[in-house]
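Engineer: Use these hints to put chain V onto chain D, whose structure you have.
These are the residues of each chain, in order.
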Amino acid sequence: MGKPTEIAVISGKGGAGKTVLAASLAKSTPGSVVADCDVDTPNMHLLLKPNLMSEHAFFGEKTAVMDGELCTRCGDCFRTCRFGAIREIDIPAGWSYSVDALSCEGCGVCTMVCPEDAILMKDARAGAWCVSSWDLGPFVHAHLTSARKNTETLVRILRREASKIAGREGRRHIIIDGPAGIGATVVAAVEGVSLAVVVTEPTVSGINDLRRLIRLVQQIGIRTAAVINKYDLNTEVTLAIEEYLSINGVPLLGKICFSTELNRAVGAGEVVVNAGDDSATQALRGISNRILGLAAREVQT
Amino acid sequence: MSTSRIVIASGKGGSGKTTVATALVMTLMREMPEVQLVDCDVEGPDAALFLKPEIESSTPLTIDFPEIAASQCSGCGDCQSVCQFGGVSVVSGVAEHYSDLCHACGGCSLACHAGAITEKKKRIGVIESGRRENVVFHRGVLDVGRHMVTPIIRGLKSIARGDLPTILDSGPGTVSPVIATIKDCDYCILVTEPSPFGLYDLRIAVRLAGEIGVPTGIVINKDEAWSSNIEQYASEMDIPIILRIPFRREIASLCSRGIPLTEVASSWDEAFWDMYARVERTIWESRPRSPL
Chain D
1 MGKPTEIAVI
11 SGKGGAGKTV
21 LAASLAKSTP
31 GSVVADCDVD
41 TPNMHLLLKP
51 NLMSEHAFFG
61 EKTAVMDGEL
71 CTRCGDCFRT
81 CRFGAIREID
91 IPAGWSYSVD
101 ALSCEGCGVC
111 TMVCPEDAIL
121 MKDARAGAWC
131 VSSWDLGPFV
141 HAHLTSARKN
151 TETLVRILRR
161 EASKIAGREG
171 RRHIIIDGPA
181 GIGATVVAAV
191 EGVSLAVVVT
201 EPTVSGINDL
211 RRLIRLVQQI
221 GIRTAAVINK
231 YDLNTEVTLA
241 IEEYLSINGV
251 PLLGKICFST
261 ELNRAVGAGE
271 VVVNAGDDSA
281 TQALRGISNR
291 ILGLAAREVQ
301 T
Chain V
302 MSTSRIVIAS
312 GKGGSGKTTV
322 ATALVMTLMR
332 EMPEVQLVDC
342 DVEGPDAALF
352 LKPEIESSTP
362 LTIDFPEIAA
372 SQCSGCGDCQ
382 SVCQFGGVSV
392 VSGVAEHYSD
402 LCHACGGCSL
412 ACHAGAITEK
422 KKRIGVIESG
432 RRENVVFHRG
442 VLDVGRHMVT
452 PIIRGLKSIA
462 RGDLPTILDS
472 GPGTVSPVIA
482 TIKDCDYCIL
492 VTEPSPFGLY
502 DLRIAVRLAG
512 EIGVPTGIVI
522 NKDEAWSSNI
532 EQYASEMDIP
542 IILRIPFRRE
552 IASLCSRGIP
562 LTEVASSWDE
572 AFWDMYARVE
582 RTIWESRPRS
592 PL
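Residue numbers (my numbering), protein chains in the order written: chain D, 1 to 301; chain V, 302 to 593.
Extracted from the complex, chain D is given alone in its bound form:
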């Protein structure tokens, strides 16, 4: 059996409608493995309503911790830390250097330069990744508790687990809800996928962010297609987006109108694609089918 078809839903601009589209796709592919790779602010579970089956601690990168009593205030750590994570604090004996955990990158360079061994790298539990199941199949997701750095590692764990489950259970699709932006977590969410679907909105911010995201995915070399959400909000920008997509060889798979009905349904936690006759839901249905068709062709070639 070949590799499963992996489809990632991404957007440059936040709030364009990734999660709603990803959930619709999931509903259109019963039996697929679903992965919520927006590990910072995961929302898929609010629509899929999964049952948790197993939870696994995620430690992420370590955090440096300074023993103030051993610190001789030589300043070597302060000078070598490139992340501004070393600062001065008051201690009973006067002052000491200390590590600001929120800024600590976890690189360990301070421990390398400290002549007094006053700094140790400690494991910090950053959250958990979970294997759950929802009505139509397995669902992998995660949440962070703190230490919100280098979350691309967590995304790669989720991708790996989704692939393992797909391989073990013979599942043909993996649907990935990706994070917004163009950073490392987005790269981790789209690397190696059969198709990246970019959701955009017709706003000046939306088209700005779209251009940057398309450049990124084309740099990585991922097959891409696009969907315009709330297209009737601004027909001028919609046209500009359509032109941009055409010039850059990105197929437009559909446009969804600005829909209070869809908003209401999502607000009520419903995955709407199967039911509903309003044009937004119909558009979603058509788009989901086109995405699956395109991704299947991509896997074959």
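Simulated from the structure, these hints should not be mistaken for lab results. It is possible that some hints are incorrect.
[Stated by the list, open to error] Sample of chain V residues at the chain D side, in silico, Cβ under 10 angstroms: (1) Gly387; (2) Asp401; (3) Glu512; (4) Phe548.
[To be verified] The calculated DSSO-like cross-link candidates involving lysine-lysine, where the alpha carbons are at most 27 angstroms apart (straight line), are: (5) Lys62(D) / Lys484(V); (6) Lys164(D) / Lys49(D); (7) Lys3(D) / Lys164(D); (8) Lys122(D) / Lys484(V); (9) Lys122(D) / Lys62(D).
Quick reminder that beta carbons are idealized off the backbone N, C-alpha and C, glycines included.
Structural biologist: This is chain V only, laid out in the frame that chain D set:
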């Protein structure tokens, strides 16, 4: 004159951070001699689309990345052992560098005793500065394909003036770049939408603001019937709701064109000024701040 630093953040992307940040700046520019806007959403900086400043300078930001001289490499693997990110690996007896995973910490070059690793400055983005009338504007733009975001934010904060009332427009979510943006600010305005997604993400953002130790207030954008979920949460957490912007298609449509909210109706100027006055009161009632 106030030199407060007010950051606009949110858990949920697309809640309206830039809408609120730019509207606030445009209100303040009418009332104050000078005001500063720093766009820290370096992956997707959009504030200039609304403020429309004239960009006067554009400076590439470079950081040191390792460069491995294969001929000097002994294949000892010390670099690989110290790297926490998988950025360096010994393959067939020679160390190789993977810039996608590299965090540019300097660890591998420190660890190398063979002198095989030097450092070379590489561009990760650009810091731009400009003006619109009495608004000083700075933004950072990440180069597409680069992933080191926090150094750009720190660079932005180091060039921002410390003598002006400052509004910072953060990126979405609660990851490192957002932490770097919110740190050392005097107040964090959290913009939310009333959907279940909005509330879920708001909780995460509130927790982060609490960890950083900055006072917060909530702005409900796209406010409508089901906002009671946000109201209930805000009440439980004792966080004030400092502004409400209704869900109106007309507002969405104007935003889509890059028209700031305060140009829609003068009543928005008043609403933002009242919000600002409330924020300032809270800041002055709170603890003293550390340097930018």
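Engineer: Look at each hint and say if it fits the structure.
Structural biologist: Now for the hints, and whether the structure bears them out:
Interface restraint check for Gly387(V): the shortest CB-CB distance to chain D comes to about 9 angstroms, inside 10 angstroms, so the restraint holds. Below 10 angstroms, beta-carbon pairs count as interface contacts, and Asp401(V) has one with chain D at about 7 angstroms; its hint therefore holds. For Glu512(V), the shortest C-beta to C-beta distance to chain D is roughly 6 angstroms, which falls under 10 angstroms, so the interface hint holds. Hint status for Phe548(V) relative to chain D: holds, with the closest Cβ pair at about 8 angstroms, below 10 angstroms.
Between Lys62(D) and Lys484(V), the direct Cα distance comes to roughly 20 angstroms. Compliance with the 27 angstroms bound is thereby established for this hinted pair. At roughly 22 angstroms between alpha-carbon atoms, Lys164(D) and Lys49(D) fall within 27 angstroms of each other, so this suggested pair holds. Restraint check for Lys3(D) and Lys164(D): the C-alpha separation of about 11 angstroms stays at or below 27 angstroms, so the hint holds. Our distance criterion of 27 angstroms between C-alpha atoms is met by Lys122(D) and Lys484(V), whose separation comes to about 23 angstroms.
Proximity of Lys122(D) to Lys62(D) is assessed by CA-CA distance (about 5 angstroms); at most 27 angstroms being required, the pair is judged to hold.
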